[in-house]
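Chemist: So the chains spell out like this:
There are 2 protein chains.
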Amino acid sequence: MQILITGGGGMLGQKLVNELARTSNLLDVKIDEITLADVIVEPKVPSSAEFKIVLKIADLTQDGVAEELISNRPDVIFHLAAVVSGEAESNFEKGYQVNVVGTRNLFEAIRKTGNGYYPKVVFTSSVAVYGGPYPEVVDDDFNLQPKTSYGAQKAIGELLLNDYSRRGFLDGIGIRLPTICVRPGLPNKAASGLFSNIIREPLIGIEAVLPAGKEFTNFFASPKSAIGFLMHAASIKTAVLGDQRCLMMPGVAASLGEEIEALRRVAGDKVVGLIKEERDPFVEKIVADWNFPPFETARAKALGFTCESTFDEIIQVHIYDELDGRIPGLEK
Amino acid sequence: MQILITGGGGMLGQKLVNELARTSNLLDVKIDEITLADVIVEPKVPSSAEFKIVLKIADLTQDGVAEELISNRPDVIFHLAAVVSGEAESNFEKGYQVNVVGTRNLFEAIRKTGNGYYPKVVFTSSVAVYGGPYPEVVDDDFNLQPKTSYGAQKAIGELLLNDYSRRGFLDGIGIRLPTICVRPGLPNKAASGLFSNIIREPLIGIEAVLPAGKEFTNFFASPKSAIGFLMHAASIKTAVLGDQRCLMMPGVAASLGEEIEALRRVAGDKVVGLIKEERDPFVEKIVADWNFPPFETARAKALGFTCESTFDEIIQVHIYDELDGRIPGLEK
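In order, the protein sequences belong to chains Z and P. Residues 1 to 332 in the working numbering are what the first sequence spells out, letter by letter. Residues 1 to 332 in the working numbering are what the second sequence spells out, letter by letter.
So here's chain Z without its partners, still in its complex pose:
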């Protein structure tokens, strides 16, 4: 089996290739080769992989690049490459180029390959396709009303994925990721970064700023769950999806205040003491647009997608996966 991962140098791309190195199989078939493509970052290669890994610096917005990337006819394509939310808002042109034109270039390259080429395409959409006002709990039929350019671009990607799938050009499945939390490493330009910062920094003994009121809510899943969603999406027989190939993934609803109380239960008062409230009206305006409610995700759950059930668990996943099971903030 041949696999292509676009955005292979990103946080999810790197975790995904590591998971694939661990399993060595996808859909019960041995993986022969994975291509990791990314636009700037040279992706890292897991040392333990039993399959061949090809690294490519590739910009899908450029003519001919998508065609070259799929020239070995990968069986499964994880299309993770994207300009994230904050950057899509600050750089309007780049967001549309990468998230819309780049995605369409990839789908077009697949369509034009023809000759029976019919790859499984796993597309990462986002909770950002939604916008308020919301009912108390949002079900799978809720209308998409994105309030950000990023959300609009992901919603366009979904429409393309559905239509290319309906026409038989590719076998697509789109997964709307909740806000990924706790994001490891340095902050990226995702607008939702503050939800991770207030957990990640205190756990390693660094002060973090809480720039918005504790009442703001969001809908979360861990990076580990996100990798689980991607692996499971690749295995879904898409006939069960009908023409609606995109679905909201399960997650944990929590407010900023509930995040902090979960951190207190997991790591204690000393760690929570590192969170300093400093309200920033500019950030609060952004967070207000990202004030996501609980999602029912009945469809995804029925298809076997799973994630953490509490925010405590989300923090524990971070401590286990990123901090070797320790809480350095307690030891200082």
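Please note that the accuracy of each hint is not assured.
[Claimed, not checked] Once the Cα atoms are required to be at most 25 angstroms apart in a straight line, the calculated BS3-like pairs of lysine-lysine come out as:
id, chain 1, residue 1, chain 2, residue 2
1, P, K112, Z, K147
2, Z, K237, P, K147
3, Z, K224, Z, K15
4, Z, K112, P, K147
5, P, K94, Z, K147
6, P, K112, Z, K94
7, Z, K112, P, K94
Since the hints were derived computationally from the structure, they do not count as laboratory data. Values in this document were obtained by computation on a predicted structure and should not be read as measured data.
Once you have looked at the hints, place chain P on chain Z.
Modeler: Showing chain P alone in chain Z's frame:
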């Protein structure tokens, strides 16, 4: 006031420029000049117009064409240019080029003009953005699940219009047109043509084929109402729309069988006798995808959009506007 009409050679574009020639004003401002742009057809010019009319053969999918079209900074742009439903389904590439790339080129040209340029953009979307399964009556919050490439392309246009409006690049309003009926003239490539054919042809004494079961339903408005929607949309102060700039227009729900009974009431048995049932499984498959339910359209009605209230009235509008008030099929 300067006005640009893309698709100015099409049925709606031609009727719109005639209506503007009649009013000479838009938004209580005198019209100075209208540009009619179309890709192939040389648009016709109403003889009575008191304003200057500029005709342009222009293909929005080509580089630089959109920039040239708006170089005189039109105050109001009616963006009607589109590949219609049947053709968007049979020519996948052309549909995306014209309906998505062409629309984005226009919006990009407006954005890049900058310098305070902020035109009103009236975009014709379509009932085709919807897809089943439907509840008994569809309200304004119903999820968009297009079942055709045309519907997907129009839904993408709506997302772009909303986002470009939210970002302040243009002042957009999108109107989802019901199936336009009775379409005058020769059949075009719209998938919904048969709903008009069975009325238009018998009224002039020509046999028409009914290729699908009488139980199939749709949601209709006359060409006259469509022009009313366009004129009214141009006058709406968009602040009342919030971030959701697109809305379903009112219409009349009817099945093929109800259309025929309305024709019988308006024109009698002799005319109805010209309809021959010849079921065509291929057409029935298309019509099944276009089996639109009644739409509530509360939002549009509250904003003052109006249309016919019965299908009888829709037929009478056709007789009055296209047949000089006569029914030639009765006279043969």
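Chemist: Can you name, in rising order, the numbers of the hints this structure does not satisfy?
Modeler: 5
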